[in-house]
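Protein chains in written order, with the numbering used here: chain A, 512 to 1018; chain B, 512 to 1018.
Since the hints were derived computationally from the structure, they do not count as laboratory data. Check before you lean on any hint, since a few could be wrong.
Pairs count within a copy or across copies, as identical chains cannot be separated in the list.
Calculated cross-link-like contacts (lysine-lysine; reagent style BS3-like; alpha-carbon spacing at most 27 Å) [to be verified]:
(1) K604 to K517
(2) K993 to K596
(3) K622 to K971
(4) K974 to K860
(5) K605 to K890
(6) K604 to K515
(7) K547 to K993
These numbers were taken from a predicted model, which means no experiment stands behind them.
2 protein chains.
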Amino acid sequence: MSYKVKPIDINASHVSVIMNAEDANGLGLSRTDRVKVMARDRSIVAILDSTRTIVEPGEVAIFKNTYDSLALKEGDQVKIFPTEKPKSVEYIKKKMMGDELSTKEINLIIKDISDNNLSDIELSAYVTAIMIRDMNMREVEDLTRAMVESGTRLDFDNKPIFDFHSVGGVPGNKITLIIVPIVAAAGLLIPKTSSRAISSACGTADILEAICRVDLSIEEIKSQTESIGGTIAWGGAVNIAPADDIIIHAEYPLGIDPYPQVLASVMAKKVAGGAKFLVMDIPIGEESKVRDKEYGRRYARDFIDLGHRFGIKVECAITYGDQPVGNAIGPTLEIKEALECLEGHDGPKSLLSKSLSLAGIILEMGSVALPGQGAQVAKRILDSGAALKKFREIIKAQGGDGEISSSKIMLGQFYEDILAPQDGYIHRIFNRRIVKIVRAAGSPFEKGAGLYLYGKQGDKIEKGKPIFRIYSDSQSKLNTAKAVALEYPPLDIEGMLLERIPNIHTI
Amino acid sequence: MSYKVKPIDINASHVSVIMNAEDANGLGLSRTDRVKVMARDRSIVAILDSTRTIVEPGEVAIFKNTYDSLALKEGDQVKIFPTEKPKSVEYIKKKMMGDELSTKEINLIIKDISDNNLSDIELSAYVTAIMIRDMNMREVEDLTRAMVESGTRLDFDNKPIFDFHSVGGVPGNKITLIIVPIVAAAGLLIPKTSSRAISSACGTADILEAICRVDLSIEEIKSQTESIGGTIAWGGAVNIAPADDIIIHAEYPLGIDPYPQVLASVMAKKVAGGAKFLVMDIPIGEESKVRDKEYGRRYARDFIDLGHRFGIKVECAITYGDQPVGNAIGPTLEIKEALECLEGHDGPKSLLSKSLSLAGIILEMGSVALPGQGAQVAKRILDSGAALKKFREIIKAQGGDGEISSSKIMLGQFYEDILAPQDGYIHRIFNRRIVKIVRAAGSPFEKGAGLYLYGKQGDKIEKGKPIFRIYSDSQSKLNTAKAVALEYPPLDIEGMLLERIPNIHTI
Chain A
512 MSYKVKPIDI NASHVSVIMN AEDANGLGLS RTDRVKVMAR DRSIVAILDS TRTIVEPGEV
572 AIFKNTYDSL ALKEGDQVKI FPTEKPKSVE YIKKKMMGDE LSTKEINLII KDISDNNLSD
632 IELSAYVTAI MIRDMNMREV EDLTRAMVES GTRLDFDNKP IFDFHSVGGV PGNKITLIIV
692 PIVAAAGLLI PKTSSRAISS ACGTADILEA ICRVDLSIEE IKSQTESIGG TIAWGGAVNI
752 APADDIIIHA EYPLGIDPYP QVLASVMAKK VAGGAKFLVM DIPIGEESKV RDKEYGRRYA
812 RDFIDLGHRF GIKVECAITY GDQPVGNAIG PTLEIKEALE CLEGHDGPKS LLSKSLSLAG
872 IILEMGSVAL PGQGAQVAKR ILDSGAALKK FREIIKAQGG DGEISSSKIM LGQFYEDILA
932 PQDGYIHRIF NRRIVKIVRA AGSPFEKGAG LYLYGKQGDK IEKGKPIFRI YSDSQSKLNT
992 AKAVALEYPP LDIEGMLLER IPNIHTI
Chain B
512 MSYKVKPIDI NASHVSVIMN AEDANGLGLS RTDRVKVMAR DRSIVAILDS TRTIVEPGEV
572 AIFKNTYDSL ALKEGDQVKI FPTEKPKSVE YIKKKMMGDE LSTKEINLII KDISDNNLSD
632 IELSAYVTAI MIRDMNMREV EDLTRAMVES GTRLDFDNKP IFDFHSVGGV PGNKITLIIV
692 PIVAAAGLLI PKTSSRAISS ACGTADILEA ICRVDLSIEE IKSQTESIGG TIAWGGAVNI
752 APADDIIIHA EYPLGIDPYP QVLASVMAKK VAGGAKFLVM DIPIGEESKV RDKEYGRRYA
812 RDFIDLGHRF GIKVECAITY GDQPVGNAIG PTLEIKEALE CLEGHDGPKS LLSKSLSLAG
872 IILEMGSVAL PGQGAQVAKR ILDSGAALKK FREIIKAQGG DGEISSSKIM LGQFYEDILA
932 PQDGYIHRIF NRRIVKIVRA AGSPFEKGAG LYLYGKQGDK IEKGKPIFRI YSDSQSKLNT
992 AKAVALEYPP LDIEGMLLER IPNIHTI
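Assemble the whole structure, with the sequences as input and the hints as a guide.
Written out as structure tokens, the structure reads:
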């Protein structure tokens, strides 16, 4: 049956179709039943909601974002059919039971995810099942391939493409802004795509969009990489392994990262991005995605194995993730710190050494540095000013200021220093509390928001002297962030006698 | 901050609050974020949707069903706060990891479920995790108690209350309509509540509402039980263990019944219903919830143990579930068949013997029959006409015709016989296909819809003679149901050479 479709201007979190209750009864359907909505040339699976007044019998309403994704227009008709649960739900149940999935079964699960055929309930069962039951490497390979095929691919005509990836979890990890210019300045091609924040304070894409475009198209990434050697683009703007975004939608609220899914999601983006050489940064820390070295080594081994299955040479670096990289966390703060590093200022050692080590591995893989000399070559490129020049070229190519410098970066105009309540040493830094404070200050949406650490682990602090500064673009968010910082102190100071109140919140 | 609230007349499947995009940005919130909505004296956790036109800044819209459940009125204001994920999500993750949950953790999970604090994603992670990880009996006991406390309880001032329950899965299982009158006629109190169909063709509540009310209140159940000995009410009309309905909302689409949840959900309803003596019917069959006797015995042992923990004496009967009980499936067809049995017609043996056996166990538990003689006593009560009289009393008390008889029951006016394509014996009956056909015919909403089997397993059939009849209230649904029956033949006939097409659908 055909229904005239009306958009409702709601950007909704769920894919629903709203039917007149009479029509729904006529089809034997109730609220929360699954239906297939067929438009002229697209279709979608939606959950049924009902109304007695919003639409008349013979009409249906659809939320704006779904209406747009079906490419509907005023006066269009859609067909609606009751639909059964997708076959892939049976395969998710098979994984629940602990069985190995076949290639065909994995393909269908990813196809149903990509086609938005799975409800939140089914999607969550998938991530929970693979979280508990895991997958073997054959299944992970199939999962990776299915995810690659869920989207488009970058094709560089077999040119050697270099890439790197950090397995999330460390605030202030702005190394992309330094590594990409060094690698590109060395003459290698590095079409880096980055993500936005999911649970972090800000992703590289959130950071860089403070000063230039990051929403490059596939064509722009290709041509910019071929002309100047690199991009720092937002991966979400291109349709690379789009199933990942849908899977994250279920993982994020649960705060889980199923091991086989992390492997497949990371590798699928690299395969689809055309990489032939890949460096993986695996930060280890109590509050990181990877808690200990043992687990980090398992990731490393499996990334290398998985890369091999797709013709990608992978090298892995297990890095220190127990405190932020550098001293600055937050969009413009991080750009400023990265620029200072590129400009040769005396910046934080953790940022410099991590960036040079990882860039060095890439340079060695690309044979522009001898084995063991990559970091030195990277340092020479940095010291020569070539990396700064390349960074400015990239910013300019992406629509920003080609003369950008650290002194031009505007930080949040509202800020406040937090003072040390007592003498002592910084014993520990709580990464997740820093994230919480920076987000409360407005990051990643408000670019001036952030936190600047005056000291890192082991540094001495003096009573009454500032230990960190919070920045914000508004006084009200500054106040909120400060309140969060007082409730959840991000630094543990040795030598202080503090009454500790047990914290029962998830932070 | 306060917002003026507007209802949107949509009976939605999801709890959302629709904010103007400007307001949402101002709070640093994005679509799909979780917020707490506080009305005058109630609050709810909702997912944020955004709009630019449906509401102005300073206003929010809420779907009608949520608006009603918050008891909102025109012009009311609500407060909206960003809210973190509920603590119980951490406990769900703990179960994912395979750990035992404490009493406190289980209580909080069930409280968050009952308060609608968990999203579909979180709820699905819960059912998937306990499906895979199971629970020990201490956890099941806590889960049961938490579920009892999620709702109201029936209180019969310590009178001995009898009850029984079938662990679903067999079409045509209309035994409640026969057992309750027998037990009540014997002078025992049996305030039976039944469910509506979830995955079955029709639940007892769906069946009985064809001839009387089933939506009795707690008070009505109590007073009717005390005056005439029994009820056959719809459990969903009373707020008994309401967490169960929310949990089913996640289990049903996945087609899973996590073992510890089945134990707890069944027992919670019996504890809250005031039962002291309980008979469990556990049908075993390839297409039943319980597949084999081994598994059935595990259920039996655990139901007995669990009942003991709540002072309920439980006896379990493992019954045959490989084909329908009786010959009739569908609301009015089942009432007619049950009435014929009560009236003493020569009905199907499977229905009669199952009803008498189970009623007999209850009579023995209630000491109105000597051990081993319960079924005989039940048969005497049936043969005497006392059960029929009691059934009519119950129907009359629930607003139906106190002179009801099988000849007055109206079946679907559209029907068609399906003929045997060949001579042979009925080798197997596929319960799920029968359910599929009966639902296609309009059950459980259309009361005349159903299927009548002219033969059961082992019966001889002759080419060209009817093997079953499909009933419907409309010609169109009859056609649909017939098409389903031809695509998924519900009977397997020995001696027939059929080309079998592999069936890849879930049926």
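Okay, the hints, checked on the actual structure:
no.	hint	in the structure
1	K604 to K517	neither (37 Å within a copy, 41 Å between copies)
2	K993 to K596	between (48 Å within a copy, 22 Å between copies)
3	K622 to K971	neither (55 Å within a copy, 46 Å between copies)
4	K974 to K860	within (25 Å within a copy, 89 Å between copies)
5	K605 to K890	neither (52 Å within a copy, 46 Å between copies)
6	K604 to K515	neither (37 Å within a copy, 44 Å between copies)
7	K547 to K993	between (49 Å within a copy, 22 Å between copies)
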